[in-house]
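Enquirer: Residues per chain are reported as follows:
There are 2 protein chains.
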Amino acid sequence: MTDRKEFRDLAPPEDAHEAIASLDLGGGTETVPLREARGRVLAERVDAELDVPGFDRASMDGYAVRARDTFGADEADPAELDLVGEVHAGAEPDVTVEEGTAAEISTGAVMPPGADSVVMVEKTDEAEGNDEVFVRTSLAPGDNVMLAGADVAAGERTLGPGTELTPREIGLLSALGIEEVPVRAKPRVGIVSTGDELVRPGGDLNSDAGQIYDVNSYTVATAVEEAGGEAVLYPHAGDDYEEMERILTEAAEECDLVLSSGSTSASAVDVIYRVIEERGDLLLHGVAVKPGKPMLIGRLDGGDSPSAYVGLPGYPVSALTIFRTFVAPAIREATGLPEPRTATVDGRMAVEERYGEGRRRLMPVGLVEDGAGPEGQRAGGGNAAGARGDTLVYPVDKGSGATTSLVEADGIVDVPPETEYLAAGESVEVQLFSPDVRPPSLYAVGEDDPALSRLLDRLDRPRYLSLGTREGLRRLRNGVPDAAVAAGDPEIAADHEVLGGWTREWGLVVPEGNPNDVSDVAALVDRDLRLINRGTDSGLRTALDDAVAALAEERDASRRELTDAIDGYELTVKAHESPARKVLAGEADAGLGLRATAAKLDLGFVSLGEQDVRVLANPDRTGKAGVEGLRTAVENVESVLADLPGYRPA
Amino acid sequence: MTDRKEFRDLAPPEDAHEAIASLDLGGGTETVPLREARGRVLAERVDAELDVPGFDRASMDGYAVRARDTFGADEADPAELDLVGEVHAGAEPDVTVEEGTAAEISTGAVMPPGADSVVMVEKTDEAEGNDEVFVRTSLAPGDNVMLAGADVAAGERTLGPGTELTPREIGLLSALGIEEVPVRAKPRVGIVSTGDELVRPGGDLNSDAGQIYDVNSYTVATAVEEAGGEAVLYPHAGDDYEEMERILTEAAEECDLVLSSGSTSASAVDVIYRVIEERGDLLLHGVAVKPGKPMLIGRLDGGDSPSAYVGLPGYPVSALTIFRTFVAPAIREATGLPEPRTATVDGRMAVEERYGEGRRRLMPVGLVEDGAGPEGQRAGGGNAAGARGDTLVYPVDKGSGATTSLVEADGIVDVPPETEYLAAGESVEVQLFSPDVRPPSLYAVGEDDPALSRLLDRLDRPRYLSLGTREGLRRLRNGVPDAAVAAGDPEIAADHEVLGGWTREWGLVVPEGNPNDVSDVAALVDRDLRLINRGTDSGLRTALDDAVAALAEERDASRRELTDAIDGYELTVKAHESPARKVLAGEADAGLGLRATAAKLDLGFVSLGEQDVRVLANPDRTGKAGVEGLRTAVENVESVLADLPGYRPA
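Going line by line, the protein sequences match chains X and Y. So for the first sequence, the working numbering puts the first residue at 1; every next one is plus one. So for the second sequence, the working numbering puts the first residue at 1; every next one is plus one.
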């Protein structure tokens, strides 16, 4: 109920749009070379300063003649003209075409004085000796001649202000001889990420001191460029008031708009708030839209006129969502660029979604295209969300600022405050994060496996979420993904087609040379060895649990007695290499893992068995191109297995 | 019939696609800074080299505690813990959380040793003296903590080869600390325009020597960049064999693909042909598609391996059409970029089109959006092409290489060889010249007028063709344009709504100071003065003809007698300023024109009268936004008229 109270104090989203619209984002005029003007927007009308062509121009290879000399000529009775010279393109004519004469002329050449038309070479014959030409057709004045100014006449309006310059307009401006064009200036957008813990990508990271790489700076900077702005990165600002003030003021002096992001801790937000209040003008604090609560809008003193300021949320998906919804349209407006046509996609909810906060929600979602499987082909068949050729939409909301959400979500659905429930199959409009975003060709989930990782490299734009075998099968049963990957021997629904699979050797990854001489699961139970395990969704964990259960039966003990005796049995990590990496780092004596991983990391390995990995298809999607591509890749898995110790075809 | 014979020798279009596909366009791997990687395509899989986050991370502002110390705590019975210190984001913890203690922690900070969960600050109270904290809730281990590697674990597959890098992917790669990424190299495309007559925009032009500005170099270069290639411009090559060979060889040594264009004369084509034959390998010459007859495909020796070579037609629209159809897909394929989603638009033919050459035709077309006028709103009303909300498609084919066709056409319709007739209303698919192309908001035609030119500046993306009053009214009657502009007093169809208009003063533009003392039309008839006239479509011409007719009546002479007596009466030029500019250049004694033009060019003016200019709307389109914008602009025309001598409100 805390939230309900809070969002009543937040500004309506319309106020945020208005506040940003009231800011001045620059957008004057600058002059750029025509060669570099693609994608820019004309700031002024361009009138032609010259005629195009600048002279009466032959538009055929042939002979320049006086039309009246050819009157009545035809195949049977050609006109006979004296050849008095020739005119080439790019040269000034040095002949005059008098009555009864003709001059050879090439396409693009200047019409010689006296001539008013051109007969194409195919309608003529040259007499022997090249001193006469026979014209086998009658001409009218102007035939095959482009008069000076016929294409563009000097003084004509050619392009208006607001015209976006594509190769076509650049071609027309080339014809006018224009070297530089006046275009709308790109707003300069300063980007300040805040947080003492941030390190720019490529820098050295001290994880023990809580440092993390800065995600928002590059994400927001490239999103600014996509919207037509010029992004300028500033050094990270810590929570210190003087430092924050210095960096924000510097950015305000140099830029039209300053964007800050990254402050998730309350103290940093307080500091920024104080800087804007004291060195500028705070228009709005917090917007009644999830995730707009931490949003700030205002002005910052600096330079000749104040700079616009917007504070974005700290989590990457939230920052990109708020940028896309509130800031990008203002930048495009300033540059004169139209809203991109591909910014939205219509789809249907793949699952139901409940949300009771009573606040408008910009819900991050992923897309999957429903394909033409046997279910999909049945008229009206399948579930509500299963109509053929639909784009299905599923919420992606990990919270906690996961950066992987950036690539697992394709855009947002704008859910009104009063909507508490979206049914599966309900139509929604997805606002894509970028116009370039397109749904993945394949959406699959399940076990984490190095052979699978290599197979995915052969597919065109797949999306794969390593959620483990159990969660993969659960989602496949719900019908959202195209495919799932299962390790071990789980129960598989009858209608899930097995596209193929392979077998992998699993066991315990131990330090190089196996210094503790580990030989089996019993060693973990009986000796003081520290294990790193995998989570219960993982197929590897199931294999280990089965081995523990077998040992328990052998010893007539309970499974629980044995697992309680294993130090680290409950200590689970995320990915298939993670336990091995803990062993490599000296943090454990054994890690649940694969022979292939041990080999890759030059560690020792204690084999405990083999397990099958199977790739399963959603029956509604077996005709989908991405699924067919996966099938082909799995059928050709052998070439991938050769590089992976402990792998063999199923 | 000549054509019919010729195109039988031309290669089928499929062969051209195959020939280009057989060429090697480079497309290796290069490494670019992550900051500059937007729009590029990953060349290799990227696996995580580190855990994200790299440490167990607090995801709330609050207190780091041992969960078991809070078991059973609630509002009524809070747990009481000793406060032992604080941990900030970006700092290494210097405290350990022992049993019964807590440490203040900020979002993003490293969990201190001993703590396994975070209680949010809102669920706590600090005791006076700040040495104790009361926790009003029970926690489970892991609450409000993001474990190391929970977002991305070291060793995980994060992005696959072929992934296009948008801000989202750049964000994820930032989180991994990646500074540089391996991407597909952009093919280097050398551009060689041929023709002795070409001058690059910005250079000095000698029109007397038949020089013209080079249109294709910048058009093709920017189209190459749009397709994802890197364009390199080479100097123009003339028709000389040695020069052509030198430039093409240099381009082949430095580029993956060489594109030539511009040779419209047979001799230049012959020279290029010989260079490719002798210094390379000609795969194909001429494609059975209009306008592909002059197309060449081959290889050029140079560097370590031969360069690909494609010769484009010389006319700009043809060059862009052939580039777009045959070359751009190959460049995109080499860069790994997908075909743009907005490259096509569905529409209906606005007029019928007949074409009997029996050759596949890439027909340049313009687009106009049918709006919501009274006719459009009638269910099934209007003509076949007039259904509401349609995109109407009309052929644009000036031939003769007009550069204005570049901006008057929006794309092409690919018409199969066997199609001889497209009916009005027939559905067609338009392949846009660039994904950025969108139909104009307003498509209008008619009289050329400086007040109109300024009004158009106030509209968003209008297209206006200055074809004169007569042609403008004819096209409006055919129902294709949204609006027409008529000068003088022509007959106007009853259903064409007059949006408004103004009045302009017309007459004879003469040299400054009127040295010949011209005072009226009679001077042109009776004295030896040279006139420059406008064409019969022009409203100005109609006004002059009416004045001549009045004089003829006064003198009881025939109109023809008088016009025969005017030197230059038949000498017509294109635009409203053109006659005045001839006078300015000393090529005539008088030009038909406007007082406003005489004032602009500092010339003398002999007034012959005033005429109305009226703006008319297509009745099917009166609800269209672009037409409404035009109406508003015309209603506010007065502000524009103030700057134009001889103009006044109607």
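A hint or two may mislead.
Pairwise CB distance ranges (calculated) [stated by the list, open to error]:
{"no.": "1", "chain 1": "X", "residue 1": "E635", "chain 2": "Y", "residue 2": "E99", "range": "53 to 61 Å"}
{"no.": "2", "chain 1": "Y", "residue 1": "P235", "chain 2": "X", "residue 2": "P141", "range": "36 to 44 Å"}
{"no.": "3", "chain 1": "Y", "residue 1": "I492", "chain 2": "X", "residue 2": "P141", "range": "31 to 39 Å"}
{"no.": "4", "chain 1": "Y", "residue 1": "D24", "chain 2": "X", "residue 2": "G623", "range": "29 to 37 Å"}
Chain Y regions said to be covered by chain X (calculated; three or more residues, Cβ under 8 Å) [what the hints assert, rightly or not]:
{"no.": "5", "stretch": "31-41"}
{"no.": "6", "stretch": "141-152"}
{"no.": "7", "stretch": "501-514"}
{"no.": "8", "stretch": "521-531"}
{"no.": "9", "stretch": "611-620"}
Stretch by stretch, here's where chain Y covers chain X in the computed footprint (C-beta under 8 Å, at least three residues) [stated by the list, open to error]:
{"no.": "10", "stretch": "15-26"}
{"no.": "11", "stretch": "47-56"}
{"no.": "12", "stretch": "298-312"}
{"no.": "13", "stretch": "481-493"}
{"no.": "14", "stretch": "617-627"}
For the record, the hints were derived by calculation from the structure and aren't laboratory data. Quick reminder that beta carbons are idealized off the backbone N, C-alpha and C, glycines included.
Enquirer: Compare the structure with the hints numbered earlier in the document and write down the numbers of the violated ones, lowest to highest.
Expert: 7, 8, 9, 10, 12, 13, 14
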